[in-house]
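Trainee: Residues per chain are reported as follows:
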Amino acid sequence: GESVGLHLPTLSVQEGDNSIINCAYSNSASDYFIWYKQESGKGPQFIIDIRSNMDKRQGQRVTVLLNKTVKHLSLQIAATQPGDSAVYFCAENIAFRGYSTLTFGKGTMLLVSP
Amino acid sequence: DGGITQSPKYLFRKEGQNVTLSCEQNLNHDAMYWYRQDPGQGLRLIYYSQIVNDFQKGDIAEGYSVSREKKESFPLTVTSAQKNPTAFYLCASSVKVNYGYTFGSGTRLTVV
Chain A
1 GESVGLHLPT
11 LSVQEGDNSI
21 INCAYSNSAS
31 DYFIWYKQES
41 GKGPQFIIDI
51 RSNMDKRQGQ
61 RVTVLLNKTV
71 KHLSLQIAAT
81 QPGDSAVYFC
91 AENIAFRGYS
101 TLTFGKGTML
111 LVSP
Chain B
1 DGGITQSPKY
11 LFRKEGQNVT
21 LSCEQNLNHD
31 AMYWYRQDPG
41 QGLRLIYYSQ
51 IVNDFQKGDI
61 AEGYSVSREK
71 KESFPLTVTS
81 AQKNPTAFYL
91 CASSVKVNYG
101 YTFGSGTRLT
111 VV
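Residue numbers (the working numbering), protein chains in the order written: chain A, 1 to 114; chain B, 1 to 112.
Hints are computed from structural coordinates only; laboratory data are not their basis.
Being a predicted model, the structure only gives us computed values, none of them experimental.
Treat the hints loosely; a few may be bogus.
Computed list of lysine-lysine pairs in DSS-like fashion (alpha-carbon distance at most 27 Å, straight line) [claimed, not checked]:
(1) A/Lys56 <-> A/Lys106
(2) B/Lys57 <-> A/Lys42
(3) B/Lys96 <-> A/Lys37
(4) A/Lys37 <-> B/Lys57
(5) A/Lys68 <-> A/Lys37
(6) B/Lys14 <-> B/Lys96
(7) A/Lys56 <-> A/Lys68
(8) A/Lys42 <-> B/Lys9
(9) B/Lys83 <-> A/Lys106
(10) B/Lys57 <-> A/Lys56
(11) B/Lys70 <-> A/Lys106
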């Protein structure tokens with residue numbers, strides 16, 4: 001099927017390496033951030049989230065870092081595995097006409113070689 | 001199992017036809033969303049609904065319409081006014097504002 005990864009920034013790593021995926025967000029008023037993983041032809045899956053009152057949050061093999069000063073978010077994946085190969089999106093929560101919705105970045109493709 | 005179901009998985013439309021994409025959730029989520037995904041462009045918000053019988057336009061609502069008559073259902077109609085409808089459409093829901101979304105598996109629409 002058609003790839004959602006065409007023309008995306010790509011990070012290529014070897015199995016077992018640590019991966020770092022970066023994201024710059026746009027709105028200094030954003031108060032909630034999420035990382036999603038999307039495999040080809042599937043819907044995005046939630047990985048980890050962080051609120052703006054934190055600068056670091058850890059999950060299983062994943063860590064999200066938030067730097068509000070420079071509006072930067074990163075996702076660290078420890079001991080990357082071939083099953084981690086996918087497109088990764090960051091999303092920020094932005095208020096819009098009194099409601100809040102998530103705005104997504106364009107994504108980064110992670111390729112893990114055995 | 002609780003989840004969000006989109007149907008059909010693949011849909012083909014002739015130019016000038018309206019088509020409706022289905023989205024159903026049994027998660028008891030209040031909010032539902034429709035996104036469009038094109039290669040290399042991430043996800044763009046079409047419409048969203050925070051409660052039944054209420055919905056709001058997103059960034060790219062032109063050529064689309066929605067309804068929210070039931071909490072569980074948020075169908076999207078792609079009308080003939082949408083000039084470039086070929087894309088991957090994703091439906092999502094969330095328990096409330098400012099929480100993460102659960103996504104469906106998507107519908108790939110192709111205009112032939």
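Trainee: Does each hint hold? Answer for all of them.
Mentor: Now for the hints, and whether the structure bears them out:
1. Taking the CA atoms of A/Lys56 and A/Lys106, the gap is about 22 Å. The hint holds against a cut of 27 Å.
2. Proposed proximity of B/Lys57 and A/Lys42 is supported: the alpha carbons are some 24 Å apart, at most 27 Å.
3. Taken as a hint, the B/Lys96 and A/Lys37 pair is honoured in the structure, with Cα atoms around 21 Å apart against an allowance of 27 Å.
4. For the hint pairing A/Lys37 with B/Lys57, the CA-to-CA distance comes to about 26 Å; that is within 27 Å, so the pair holds.
5. Taken as a hint, the A/Lys68 and A/Lys37 pair is honoured in the structure, with Cα atoms around 23 Å apart against an allowance of 27 Å.
6. For the hint linking B/Lys14 to B/Lys96, the alpha-carbon distance of about 37 Å lies beyond 27 Å, and the restraint is violated.
7. Taken as a hint, the A/Lys56 and A/Lys68 pair is honoured in the structure, with Cα atoms around 11 Å apart against an allowance of 27 Å.
8. Taken as a hint, the A/Lys42 and B/Lys9 pair is honoured in the structure, with Cα atoms around 10 Å apart against an allowance of 27 Å.
9. Among the hinted pairs, B/Lys83 with A/Lys106 is consistent with the structure: their alpha-carbon atoms are about 22 Å apart, no more than 27 Å.
10. Pair hint B/Lys57 plus A/Lys56 does not hold up; C-alpha atoms about 33 Å apart against a cutoff of 27 Å.
11. With a CA separation close to 32 Å, the supplied pair B/Lys70 and A/Lys106 exceeds the 27 Å bound.
Violated hints for the displayed structure, listed by number in ascending order: 6, 10, 11.
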